[in-house]
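> Below are the chains, spelled out letter by letter.
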Amino acid sequence: MVNLTLKFVSCCRAADLRISTAEVLDCVSQLSLVNPLEEDEFKLVLRSNFAKSRREQSRFDQMYHLFFHEMKSDLSQVSQSPETEQIKNFLDQLMENDTLDTLEKALADFLAGKPMAYIQEVHKIHTQEEQEARALKSNMSQLASRLQVMLKINQIKSKVLRFLGDNHAAVDEALKKKITGDLNDRLDHAMGLLNNEPRPDNYGLKEVKNHETHYNHIGEIPFASLGQEEIEEVRDVIRKLVKKLEEIATLRYSVSSRGVIDIKKTLRKSGKYLGVPMEIIFKDRPLRKGKIVALCDVSGSVWSTARFMLNILYSLQECFSKVKSYIFVSDLMDVTDFFKDHDVNNAVEKIMKDTHINYYAPTDYGMAFQHFKNRHIQELDKKTTLLIIGDARSNHMNPQDLVLKRMRERCRRVIWLNPEQEKFWGSGDSEMYTYKAHCHEVRPCGNLNQLIDFIEELIL
Amino acid sequence: MAGREGILGAYVERPAKHYNAAYGTFYDAIFFINSYGKAPMDFKSVLDVQERLEGVQYISSKEISTVVFLAQATKKPILVEGPAGVGKTELAKSVAKCLDREMIRMQCYEGLDESKALYEWEYAKQLLYTQMVKEKIHDVISETATLKEAVDQIADHEDAFFSERFIQTRPLLQAIRSEKPVVLLIDEVDKSDPEFEAFLLELLSDFQVSIPEIGTIKAVTHPFVVLTSNNYRDMSDALKRRCIHLYIDYPAIETEMHIVKMKLPGMDEALLARLVSMVARIRDLDLKKRPCISETLDWARSLMVLQIDELSAESVAQTLNTICKHKSDYEIVKKNILNVIKQG
Ligand SMILES: Nc1ncnc2c1ncn2[C@@H]1O[C@H](COP(=O)(O)OP(=O)(O)OP(=O)(O)O)[C@@H](O)[C@H]1O
Ligand SMILES: [Mg+2]
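From first to last, the protein sequence lines are chains V and A. Going letter by letter, the first sequence gives residues 0 to 459 in numbering that gives the first Met the number 0. Going letter by letter, the second sequence gives residues 0 to 343 in numbering that gives the first Met the number 0.
The following block holds chain V by itself, in its conformation from the complex (with noise of 0.2 Å):
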């Protein structure tokens, strides 16, 4: 049971289910306290030590088929019928050949019912990035690998058909039929593995489907669709609103705004000096929310709701205890500073007349995130709220999701905020779905109204 139990871990750890060794001794020790034999109570047990939230759930599941009912690593079930024997046959034939790569021993090892090593690979190829700073740009490098797997398999299927041709004497047509079934069932499978990257059950994102009318007309127009004068308008509202949520916000905290004597933290110092004050502490104005950092993407329609977002973020800077932003079409840019030495409208007109960024480029949403992770990653923590403001239209790039999911793991929340109506998220080049399994929160977020909804939810 233990040895099971070790080889199904090695398993989950190469499809990077994290599991620790406190974690397996933990399993170990329960499964002596609820009868092992049951399947469900087993299962449990597993499951509550080696996947410990909901989002790890959907991995464990798809490992735990496949080791306990697809590769019937059952210890139970070691009978000896004649088609294993000819299959244990057929993978020696297979495994004498000096020859083999990586790839290929893993898939033989797969086919003997030791699939990690072929799980491994699989991972290596699903979390694969694509090559950055390219002359020719391509997204091919994990399809390629892909497709160098397909090939492999297929070319065991015909081997698995070559040796049984080589056999007729010493098999009939019925075990024959069963054994390559058999086989290929199993290479099914691993072609499945391939295909089919199991995401994770989000089932704690938060989905805003509708909203609030705070405004009837300028209030529904898609921001893409404003004149002049309603920009200025929008511009408008968007100045009162800040007024209002930073009079709530002092507010809120007028009893510890700043420069009043924090008389508790005061007194406890001064018990270091027998009770007379000798240093006074005040009380810090509490910023309510952690560090803010926006990702925006600048190409075509979606400029005009992340230079809403960015002047609505940076007039309420003082909510934040810092505010980062970048702007991407494929490359990436720190567009922080801009705020810094110019006012909040004039930054934002700045950062299209100014900015080198290539707009004509076609839009690259994995582009951008792996330049973002490989050269900014250290502004997230756990204090930080991730902003991403974009239509999830990437021209059929390779999504790269995997990189948002480790820029997810750096930080507090991930907010996705979609410029396109809900319905239209599934629809041609745009990734969402993809990338919605990976945010902790996503809303469309196109007219004003939104605007509003979501600032509000933000800073109160």
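These are calculated hints, taken from the structure and not from any lab test. Heads up, some of the hints might be wrong.
Rough simulated footprint, nothing fancy, chain A against chain V, three-plus residues with beta-carbon under 8 Å [to be verified]:
# : segment
1 : 21-28
2 : 44-55
Lysine to aspartate or glutamate pairs mimicking EDC-like chemistry, simulated, CA-CA at most 16 Å apart [as the list claims (entries may be wrong)]:
#  : chain 1 : residue 1 : chain 2 : residue 2
3  : V       : K288      : A       : E194
4  : V       : K156      : V       : D108
5  : A       : K287      : V       : E206
6  : V       : K372      : V       : E129
7  : A       : K96       : A       : E148
8  : V       : K243      : V       : E456
9  : V       : K290      : A       : E53
10 : A       : K75       : V       : E22
11 : V       : K290      : A       : D192
12 : A       : K239      : V       : E408
13 : A       : K262      : A       : E53
We treat Cβ as the ideally placed atom computed from N, Cα and C, and that holds for glycine.
Starting from the known structure of chain V, fit chain A with the ligands onto it as the hints suggest.
Just chain A with the ligands now, kept in the frame of chain V:
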């Protein structure tokens, strides 16, 4: 330990029995007999958990009972995840009832810090003490010859200033110091800050905490710990490693019927079945806030009060506000009403 306890007990908000050592032993003896006689003992098996939880009106699945049993047997905290209102908090309360333990609840929020979770100095008392010291300081140093001696003398007394007698316990310290084991509910731990989470780690792994001015305080008894999370943010691996994980989903139709029947025994069976399956269908709609178990109960109650025994489009619309708290959700359900009320 006993001496310390005495000091702490005398100054901290505690039941009166602790003001006098003699009383203390008297009461303790009674508690001892009590727990011996009634024997609200540990859970003996998964089935035992299930039955005893049902005894206190909590309907638990096999999964829930198993995890509770394992957690108790291995003295590990449970980390419970699940949508709002599926009974996460209720589970901790019910376990406390079964085990006849006190439940101490620690609600987490942004900005929660040790002084609110663990302990706080009692400033008023410290201030009084300071005054006293000022008056007495002459006596203390009257015997001393040199300035250095005087300073040393004062320093000896200074320690008393930050001693346990000036500590005001908050939930976590209370849970740790309790002589009788408690159930500690750390609710919505996902709302807390990372610093607080790090601090919880020490508590959950060794069941001890360090107070800089005093030293380490070790748990006298082992609390049964339940942490709940609504997935506002992801918890750290280190925290997860220390817990057994449990995900509670919306209950199956039969389970939810069971719950409602238990809490509202008078309800007509057929009506109840209709109601619960309608709630399940409403949960499948794209709502801001899905109705939870307590809203099913509210709905059932209002049907009983209004003596409605037929769930038609009109009667549903009329009572819908008990389960849809948002106007937009209300509209969505109304739009899908035919689908919601359809039979079978
Ligand atoms: N299994 C159950 N058996 C009996 N009653 C239940 C059960 N589950 C939930 N309830 C009822 O549902 C109510 C809500 O549960 P509770 O407050 O524990 O939910 P919660 O998961 O803690 O929600 P939140 O995430 O909002 O804190 C309880 O008061 C209880 O009446
Ligand atoms: Mg609760």
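> Give a verdict on every hint.
Here is how each hint holds up against the structure:
1. Only residues whose C-beta sits within less than 8 Å of a C-beta in chain A count toward coverage, and the segment 21-28 of chain V has 4 of them, enough to reach three; the restraint holds.
2. For the segment 44-55 of chain V, the stated coverage by chain A is satisfied: 9 residues place a CB nearer than 8 Å to a CB of that chain, which reaches the threshold of 3.
3. Only pairs whose Cα atoms come within 16 Å are accepted, and K288 of chain V paired with E194 of chain A is accepted, the gap being roughly 14 Å.
4. Our distance criterion of 16 Å between C-alpha atoms is met by K156 of chain V and D108 of chain V, whose separation comes to about 15 Å.
5. Using a Cα cut-off of 16 Å, the hinted pair K287 of chain A and E206 of chain V holds, with the two alpha carbons roughly 8 Å apart.
6. Using a Cα cut-off of 16 Å, the hinted pair K372 of chain V and E129 of chain V holds, with the two alpha carbons roughly 13 Å apart.
7. With a C-alpha separation of about 57 Å, the suggested pairing of K96 of chain A with E148 of chain A is violated against the 16 Å cut-off.
8. For the hint linking K243 of chain V to E456 of chain V, the alpha-carbon distance of about 14 Å falls within 16 Å, and the restraint holds.
9. Distance hint between K290 of chain V and E53 of chain A is unfulfilled; the C-alpha atoms sit about 46 Å from each other, more than 16 Å.
10. Note on K75 of chain A and E22 of chain V: the hinted pairing holds, with a Cα-Cα distance of about 12 Å set against a maximum of 16 Å.
11. Simply put, K290 of chain V and D192 of chain A have alpha-carbon atoms about 13 Å apart, close enough for the 16 Å limit, and the pair holds.
12. Only pairs whose Cα atoms come within 16 Å are accepted, and K239 of chain A paired with E408 of chain V is accepted, the gap being roughly 14 Å.
13. Our distance criterion of 16 Å between C-alpha atoms is met by K262 of chain A and E53 of chain A, whose separation comes to about 12 Å.
Of the numbered hints stated above, those contradicted by the structure are hints 7 and 9, listed in ascending order.
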